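Protein chains in written order, with the working numbering: chain A, 1214 to 1324; chain B, 1214 to 1324.
These aren't lab readings, by the way, just hints derived from the structure by calculation.
Hints are supplied without guarantee of correctness; some may be wrong.
Because identical chains cannot be distinguished in the list, a pair is counted as satisfied if it fits within a single copy or across any two copies.
Said to hold, decoys possible - Straight line, CA to CA, 20 Å or less: simulated DMTMM-like cross-link-like pairs of lysine to aspartate or glutamate: (1) K1299 to E1282; (2) K1262 to E1278; (3) K1299 to E1231; (4) K1262 to E1239; (5) K1299 to E1239; (6) K1249 to D1226; (7) K1284 to D1251; (8) K1284 to E1266; (9) K1262 to E1296.
Note that this is a predicted model, so its numbers are computed, not measured.
There are 2 protein chains.
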Amino acid sequence: MEARRDVFQAIADPTRREIIGMVAHESLNVNALAEKFDVSRQAVSLHVKILQECGLISIRQQGRERYCEAKLEGLAEASQWIEQYKQFWMDKFDSLDKYLIKIQSEKKTDK
Amino acid sequence: MEARRDVFQAIADPTRREIIGMVAHESLNVNALAEKFDVSRQAVSLHVKILQECGLISIRQQGRERYCEAKLEGLAEASQWIEQYKQFWMDKFDSLDKYLIKIQSEKKTDK
DNA sequence: TTATTGCGCAAGTAAATGCTTGCGTACATA
DNA sequence: TATGTACGCAAGCATTTACTTGCGCAATAA
Chain A
1214 MEARRDVFQA
1224 IADPTRREII
1234 GMVAHESLNV
1244 NALAEKFDVS
1254 RQAVSLHVKI
1264 LQECGLISIR
1274 QQGRERYCEA
1284 KLEGLAEASQ
1294 WIEQYKQFWM
1304 DKFDSLDKYL
1314 IKIQSEKKTD
1324 K
Chain B
1214 MEARRDVFQA
1224 IADPTRREII
1234 GMVAHESLNV
1244 NALAEKFDVS
1254 RQAVSLHVKI
1264 LQECGLISIR
1274 QQGRERYCEA
1284 KLEGLAEASQ
1294 WIEQYKQFWM
1304 DKFDSLDKYL
1314 IKIQSEKKTD
1324 K
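Input sequences plus hints: build the corresponding full structure.
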């Protein structure tokens, strides 16, 4: 289980997406996280490790516990990749991001 | 190679992301697509099949050729998932592109 | 008609993925 | 100090993945 590891790979797994969703709301330690899934603690621990390696969560060690905190900016790369195509299926952007608005207006001549 | 197949899974593979990028610009038949990659035509053909099954491209049969056309709205699901977290990191940076430039320069070890 | 091209369908393979169980270790609490 | 708790490491295993080569067939060019 050691190979190409990027954000796209990380969020490809539904369990990992769930983990992200959970720690986005509140910091959770590995066991607390594991309790919410049907799979073993080890399995969850591995997902956590992968998410950490991909920069999507960070670990805060506190005593013997390891709290997982979301680092959602790690999603930016994937977000940008998708955003570049968004204009093709949406007429209107409700995003406030200046960069995206800029790109949108630049490519309005397309299509 | 038959199992869980969703959009996240589909875009997890870099070759498939490249294929999407290519057919987003122009319709290409399988062979034309295959020529642009190092892998065999069969491999590309399989990626195309997967992308089609995930609703990210559609095939237009024309004689013996099969033209791949992007169906970028298929990305909406993934887009929405990421979008829900966007607010959590957008205010952390002046702009998205600044951050992307940062991670791109960090990713020199790629491939 | 015959040769060539475009492409899908296997079948086979190596590597990656997801998960499990067993074990060791650091931290806590009785 | 003895015991329980949080969690990583590692080995083992069934699948899935990404590819490859070989074959066959329909559409097209010679």
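For each hint, the structure was consulted:
Taking the shortest alpha-carbon separations for K1299 and E1282, only the inter-copy value of 16 Å comes in at or below 20 Å, while the best intra-copy value is 29 Å. For the identical chains of this complex, K1262 and E1278 are intra-copy neighbours only, at 14 Å inside a copy versus 45 Å across copies, given an alpha-carbon limit of 20 Å. With identical chains, the CA atoms of K1299 and E1231 are at most 20 Å apart between copies only, with a shortest distance of 16 Å across copies and 24 Å within one. Within a single copy, K1262 and E1239 get their C-alpha atoms as close as 18 Å, which meets the 20 Å cut-off; across copies the closest is 39 Å, which misses it.
Taking identical chains as interchangeable, the C-alpha atoms of K1299 and E1239 lie at most 20 Å apart only when they sit on different chains, with a minimum of 17 Å there against 30 Å within one chain. Taking CA atoms no more than 20 Å apart as the test, K1249 paired with D1226 passes inside one copy only; the shortest distance there is 16 Å, against 29 Å between copies. Taking the closest pair of Cα atoms, K1284 and D1251 never come within 20 Å of each other, the shortest separation being 25 Å inside a single copy and 35 Å across copies. With identical chains, the CA atoms of K1284 and E1266 are at most 20 Å apart within one copy only, with a shortest distance of 11 Å there and 32 Å across copies.
In this assembly of identical chains, the alpha carbons of K1262 and E1296 never lie at most 20 Å apart, being 27 Å within a copy and 24 Å across copies at closest.
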